[in-house]
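J.: Here is how the chains run, residue by residue.
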Amino acid sequence: AQTVTQSQPEMSVQEAETVTLSCTYDTSESDYYLFWYKQPPSRQMILVIRQEAYKQQNATENRFSVNFQKAAKSFSLKISDSQLGDAAMYFCAYRSAYAGGTSYGKLTFGQGTILTVHP
Amino acid sequence: NAGVTQTPKFRVLKTGQSMTLLCAQDMNHEYMYWYRQDPGMGLRLIHYSVGEGTTAKGEVPDGYNVSRLKKQNFLLGLESAAPSQTSVYFCASSQGGANTGELFFGEGSRLTVL
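Chains as they are written, first to last, in my numbering: chain A, 8 to 126; chain B, -15 to 98.
None of these hints come from the bench; they were simulated from the model.
Wrong hints could be hidden among the right ones.
Said to hold, decoys possible - If you want the ones that stay clear, here's a sample from chain A, every Cβ over 12 Å from chain B, calculated:
| # | residue |
| --- | --- |
| 1 | MET18 |
| 2 | GLN51 |
| 3 | THR67 |
| 4 | ARG70 |
| 5 | SER87 |
| 6 | VAL124 |
Stated by the list, open to error - If you want the footprint, here are the derived chain B segments under chain A, 3+ residues with CB under 8 Å:
| # | segment |
| --- | --- |
| 7 | 55 to 63 |
| 8 | 66 to 79 |
To be verified - Listed next, with one range per pair, are the computed distances between beta-carbon atoms:
| # | chain 1 | residue 1 | chain 2 | residue 2 | range |
| --- | --- | --- | --- | --- | --- |
| 9 | B | GLN56 | A | GLN21 | 42 to 48 Å |
| 10 | A | ASP33 | B | LEU98 | 35 to 41 Å |
| 11 | A | THR12 | B | THR38 | 30 to 36 Å |
| 12 | A | SER35 | B | LEU98 | 41 to 47 Å |
| 13 | A | PRO48 | B | SER2 | 25 to 31 Å |
| 14 | B | ALA40 | A | GLU22 | 43 to 49 Å |
| 15 | B | LEU53 | A | GLN21 | 48 to 54 Å |
| 16 | A | SER81 | B | GLY24 | 28 to 34 Å |
| 17 | A | GLU22 | B | LEU53 | 48 to 54 Å |
| 18 | B | VAL(-4) | A | GLU17 | 36 to 42 Å |
| 19 | B | LYS(-2) | A | GLU36 | 39 to 45 Å |
| 20 | B | LYS(-2) | A | MET18 | 36 to 42 Å |
| 21 | B | GLY24 | A | HIS125 | 43 to 49 Å |
| 22 | A | ARG70 | B | ARG28 | 28 to 34 Å |
As the structure is a prediction and not an experimental result, all values here were calculated from the model.
Here a beta-carbon is modelled for each residue, glycine too, at the ideal position from N, C-alpha and C.
Whole structure, please, built from the sequences with the hints as guidance.
T.: Below you can see the structure in the form of structure tokens.
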């Protein structure tokens, strides 16, 4: 079974600064997807960024980028030019690329990291 | 675009009471999931469905039942609620099969069992 670990329960950053959230995962599969979701106080789960394991290039979405290290099974999220609206809980998640078997497309989540942004 | 809709958004129950959470999606997705979110534990999969008429157990299925009589709806039932089931519940859906891998989530339902 796959596991996802976020070892930072809480992080903080000053507005306009850069912060990196850590995530490690364990899997025996070679093809999978990794995600970062943002959950603001509204509870809505918002997809921030997605990485396909077969792609060596790190995904980027505006101020959000990842550092994907497949061999090390590490998937960190970097938020540049942090804004007050970035304050939220962030979840790292894993999904197998195999549609059937025991996975059926389910997401396995880490424990979450609460990000505080100071003005 | 409604996406994934959960009802109710909030509910307070007494121990032993029963209730049903309804999840509806309008994206014609095959796969649907029920997760619960607890502090320090992330989201954990309760049950899931890969199509109309099918359901399967996830990581934490005890105390819950589900049904998927229609493709667009996925119901989560608590037959005899316990305080340990106090949580925030999320429904999600996805296309299934070979796809981009994204799950679409509802807004969550906060359940308190006294």
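J.: If a hint holds in the structure, say so; if it does not, say that too.
T.: Comparing the hints with the structure gives:
No Cβ of chain B approaches the Cβ of MET18 of chain A within 12 Å, the least distance being about 15 Å, so the stated non-interface status holds. With a cut of 12 Å on Cβ distances, GLN51 of chain A falls inside the contact zone with chain B, its closest approach being about 6 Å. Residue-level check passed: THR67 of chain A sits 17 Å from the nearest beta carbon of chain B, beyond 12 Å. Non-interface call for ARG70 of chain A relative to chain B: holds, since the shortest CB-CB distance, roughly 20 Å, exceeds 12 Å.
The beta carbon of SER87 of chain A sits about 23 Å from the closest Cβ of chain B, which is more than 12 Å, so the claim that it is off the interface holds. Remark: the non-interface label on VAL124 of chain A is consistent with the geometry, its nearest Cβ contact in chain B lying 21 Å away (cut-off 12 Å). For the segment 55 to 63 of chain B, the proposed coverage by chain A is not satisfied: 0 residues have a C-beta within less than 8 Å of a C-beta in that chain, short of the threshold of three. As drawn, the segment 66 to 79 of chain B meets chain A at 4 residues by the rule of a beta-carbon pair under 8 Å; at three or more, the given contact holds.
For GLN56 of chain B and GLN21 of chain A, the hinted distance range of 42 to 48 Å is satisfied, since their beta carbons lie about 45 Å from each other. The hint said 35 to 41 Å for the Cβ distance between ASP33 of chain A and LEU98 of chain B, and at roughly 38 Å that hint holds. As the Cβ distance of THR12 of chain A to THR38 of chain B is approximately 31 Å, the hint placing it in 30 to 36 Å holds. Between SER35 of chain A and LEU98 of chain B the C-beta distance comes to about 43 Å, which sits within the given range of 41 to 47 Å.
For PRO48 of chain A and SER2 of chain B, the hinted distance range of 25 to 31 Å is satisfied, since their beta carbons lie about 30 Å from each other. Taking 43 to 49 Å as the suggested C-beta distance range, the pair ALA40 of chain B and GLU22 of chain A conforms, at roughly 45 Å. Distance hint check for LEU53 of chain B and GLN21 of chain A: the Cβ-Cβ separation is about 52 Å, which falls inside the suggested range of 48 to 54 Å. In this structure the hint that SER81 of chain A and GLY24 of chain B lie 28 to 34 Å apart at CB is violated, the actual value being about 21 Å.
A C-beta distance of roughly 49 Å is found between GLU22 of chain A and LEU53 of chain B, which places it inside the suggested range of 48 to 54 Å. The hinted window of 36 to 42 Å between VAL(-4) of chain B and GLU17 of chain A is violated, with their beta carbons roughly 29 Å apart. For the pair LYS(-2) of chain B and GLU36 of chain A, the supplied restraint of 39 to 45 Å holds, since their beta-carbon distance comes to about 44 Å. The hint said 36 to 42 Å for the Cβ distance between LYS(-2) of chain B and MET18 of chain A, and at roughly 38 Å that hint holds.
Checked against the hint of 43 to 49 Å, the C-beta distance between GLY24 of chain B and HIS125 of chain A comes to roughly 23 Å, which is inconsistent with it. At roughly 30 Å, the beta carbons of ARG70 of chain A and ARG28 of chain B sit within the given window of 28 to 34 Å.
Hints 2, 7, 16, 18 and 21 from the earlier list are contradicted by this structure; the remaining hints agree with it.
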